[in-house]
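Respectively, the protein sequence lines represent chains A and B. Letter 447 of the first sequence, counting from 1, is numbered 485 in the working numbering, and no numbers are missing. Letter 1 of the second sequence, counting from 1, is numbered 39 in the working numbering, and no numbers are missing.
Think of the hints as simulated: they come from the structure by calculation, not from any bench. Fair warning: there could be bad hints in the mix.
According to the in silico footprint, chain A covers these stretches of chain B (three or more CB under 8 Å from chain A) [stated by the list, open to error]:
(1) 164-173
(2) 264-278
(3) 428-440
(4) 473-487
Every residue gets a Cβ at the ideal spot worked out from N, C-alpha and C, and that includes glycine.
Number of protein chains: 2
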Amino acid sequence: MTPSGTVPSWSGWGDPARVPTLPAPVLTLLEQALGVTPALAAAVAMTGVSLPEPDLPGGCRDELVALLGAEQVRDDRESRIRHTRGKSTSDLVRLRSGDAADAPDLVVLPATHDEVAAVLRSCAQHRVAVVPFGGGTSVVGGLTPRRAGFSGAIALDLRRMDRLLAVDAESRTAVLQPGLLAPQAEEQLGAHGFTLGHFPQSFEYASIGGFAATRSAGQASAGYGRFDEMVVGLTVATPQGCLELGRAPASAAGPDLRQLILGSEGALGIVTAVTVRLMPAPAQRSYEGWRFEFFSDGMAALRRLAQDGPRPTVVRLSDEIETAVGLARPGQLGSASSGGCLLIAGYEGSPPDVTARREAASAVLAGCGGEPQGDEPGQEWRRQRYAGPYLRDALLDAGAFVETLETATFWSSLGALYGAVRTALTEALTAQDTPPLVACHVSHVYPTGASLYFTVACAQADDPLAQWQRAKTAAGDAILRAGGTITHHHGVGVDHREHYAREVGPLAVDVLRAVKGRLDPAGILNPGVLVG
Amino acid sequence: MTPSGTVPSWSGWGDPARVPTLPAPVLTLLEQALGVTPALAAAVAMTGVSLPEPDLPGGCRDELVALLGAEQVRDDRESRIRHTRGKSTSDLVRLRSGDAADAPDLVVLPATHDEVAAVLRSCAQHRVAVVPFGGGTSVVGGLTPRRAGFSGAIALDLRRMDRLLAVDAESRTAVLQPGLLAPQAEEQLGAHGFTLGHFPQSFEYASIGGFAATRSAGQASAGYGRFDEMVVGLTVATPQGCLELGRAPASAAGPDLRQLILGSEGALGIVTAVTVRLMPAPAQRSYEGWRFEFFSDGMAALRRLAQDGPRPTVVRLSDEIETAVGLARPGQLGSASSGGCLLIAGYEGSPPDVTARREAASAVLAGCGGEPQGDEPGQEWRRQRYAGPYLRDALLDAGAFVETLETATFWSSLGALYGAVRTALTEALTAQDTPPLVACHVSHVYPTGASLYFTVACAQADDPLAQWQRAKTAAGDAILRAGGTITHHHGVGVDHREHYAREVGPLAVDVLRAVKGRLDPAGILNPGVLVG
């Protein structure tokens, strides 16, 4: 169910009722500036989806039914379609065309760590690939198993493991099950007076286990940290046994193995419990807008705040293009902008803390050339903070191609990385006769550097998958040449695997394969993801 | 050389001239309360040390000379003795008795990453164990290789790799070589206006590479963070090739492999460069003392500061015993104390930041029952902050046994952990007719928990090594039963290996062995350390 109680879209994002109608100026812009022509065919209905016959060793299915009960082992058409791939634009394009070739043979819904462990042992024995499935919001192919070499593939859906297991108010920690979705986690922690403070754009549909597996970073990372900074303990089921990691806030007892599981994307084990550190639920929230004439001025201001403080809870800076087309404010897409670059600063905490940080940060922003735009742009951003993916659905419906990608590097390289990725995307798509609009924002800042998040929109070519693949490869190549990381918060999945291997080098890949070989000798855990 | 230019002690800590003379009341306390009798024998002179004949395959030595030059391949008596073991009390007791059975056959001094890599390849081929040697300050047996199964053992001394390679003032990062000692690093970074902010008790003799390899935490961790939080990049030489880790402040590109090397204690590779994040050198430092009636009150105050801020740069709280005997102020050991528990709070930064944090933190401390003691105790602590190990040398000279150990856990378990370790140490040593004095302080605080650092003093039994082994095992057992980590900042080495394996479990040990098997198939890197 979506938060409003409707049935979620299987071929788009979340609640279908929230897909906006594009205003006329946007349609005109798409047509005149990008050459977008209306889509030839709407997305197919679910009944029109082409689904392969389930093909799993009979003994495996029987074992899974014996372990979990028939009700929790599903191979009905809808269950399989709803566990096919994630939510990248390429995923959606294929689903909209009725292609569910990557559907799992079966969907299983274990309810406990021991059930997860038993499923893994059974699948290892039968050489059946296992794709852990939380919110299903991967945008990097993290839910598309490689089937070659396996006798079948199942989705291991964690939705029944959705409880807040314990709160330690004195230590400010909580133990969460992996299938708990972020909104429910916030609601339940809120009842204890706490917040996790993790609000990625996928917030409404993403799960705690997914945050851990993908090393997620939320929109409020400046104030609350990245998810990997929030995790103090992990329980992990693997085909070879259980890992229990994290006995203290910090330790010198060997390498920090929590950080080996965080970001392992289901390829090393399945996270069955996460102990997180909590923050007090904020009594006050204050969001506002600032205008900078140039992106570089705004970046300099962000650097000042990140290095010398005070840090806002949320800080994000749109470049000139993103500001001009209103992508920073999806609810007002296409409406007039005052030019320059829009910066959103949000402050959450106790009233005196919010006042003090806002005052001090405002002085820094003004000192760097920022012009205050009042609260309205901040409040508008906050209202629309999770709406971006709905806009994508509307643009796909209109015949456009739109996708995002992101990276990060150190401050001294950030400007060059920005230019390199913009150029690569523009050239790769222009060469295909689909010149793009490339917009960017900075939304995660650190003392030593920051992230860059790009949104690309263009006309769909005849083969949009190949079209995007060429652009994406060019962008990845540019990122590596400029010294950036191939992904700051989306993860590696299948889509980034080759660039990831180039980023960390063959010896690091071999190290991860050695770890996988020990924990998952049959290689059944999310095959093809991360290190293949 | 020591900072004052004298020759460092080979069987004690640092500069022999700084070993204090114990005041009469301390000697009386030792004798009357602990039953310490004057030492039967003083430490032997270096000439009295018993050293095994060097025993290395001739081909290996020739190769190393060809690689590094004869001057950088040393097997003279003094070089070998000075690379025998680290600085734990057990290490010193053995050295003081003239036992250098663990001396390396050879000491090599490479000057570059490529030379380190070549040494590793040669030693792998000849099955010669390699012990990376930075400052030599390990207190957990991290420099004592297992020789069984190897044709020899060498110390790989990194002192010639002692340069600051690069400073990126915009990103606030610097690239340091591993053999750079902490004081020189601070001095060179200070010339650029920066500080690393890492000040462990071993500061005067410890190296950057050692900090990385052991996941070090300094006395100012509340303000500047732990060393593992300071590292943004690592270059690592292994027998199988090079790892280059860290392209961005944060990334979702797979597990954070930097955190697999940090804390690997030379068992997975040799760190040949460390990129660290920098902080502005503080313009002002302000240190002061507070008194709490009970340790538990002080711990509650620390928790308030750690969770709700503001965080002092340094914060440490001595328990009633440590306060009473003046261990918090080694320079005034044995002088009268006003009872209760001494808390030291230090603030470093810009003058307005120091003023603001000190005022706000003081309000918290006073609100929790703290009584301000003025600046003098803080300044005294700062002057004496690295003096603890000299006091140990004096106590050993006087015939006492003194050693430290440390742990950490979450706030809700901290009181129970404190009691459990105190009881275990007291019972284990009392059972040996050497009832101890057990003192403790908290010196590292986090939002979710804190560390505990114990100092134990008692009379030396006839076999002090066995005496301490029994006490240490009892303490380690108590730590694990109480849910703590076996080490918060000393590392695993050889001494904690068994408890470490129990802490993380056999599957985690196997994971590390799989990583080691890939990076170091001949197992030559610091054998016996961490996972054997």
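Now for the hints, and whether the structure bears them out:
Using a Cβ-Cβ cut-off of 8 Å, 0 residues of the stretch 164-173 of chain B lie near chain A, which falls short of the minimum of three, so the contact claim is violated. With 5 residues having a Cβ less than 8 Å from any Cβ of chain A, the stretch 264-278 of chain B passes the three-residue criterion, so the hint holds. As drawn, the stretch 428-440 of chain B meets chain A at 0 residues by the rule of a beta-carbon pair under 8 Å; below three, the given contact is violated. Only when three residues or more bring their CB closer than 8 Å to a CB of chain A does the claim for the stretch 473-487 of chain B stand; here the count is 5, and the claim holds.
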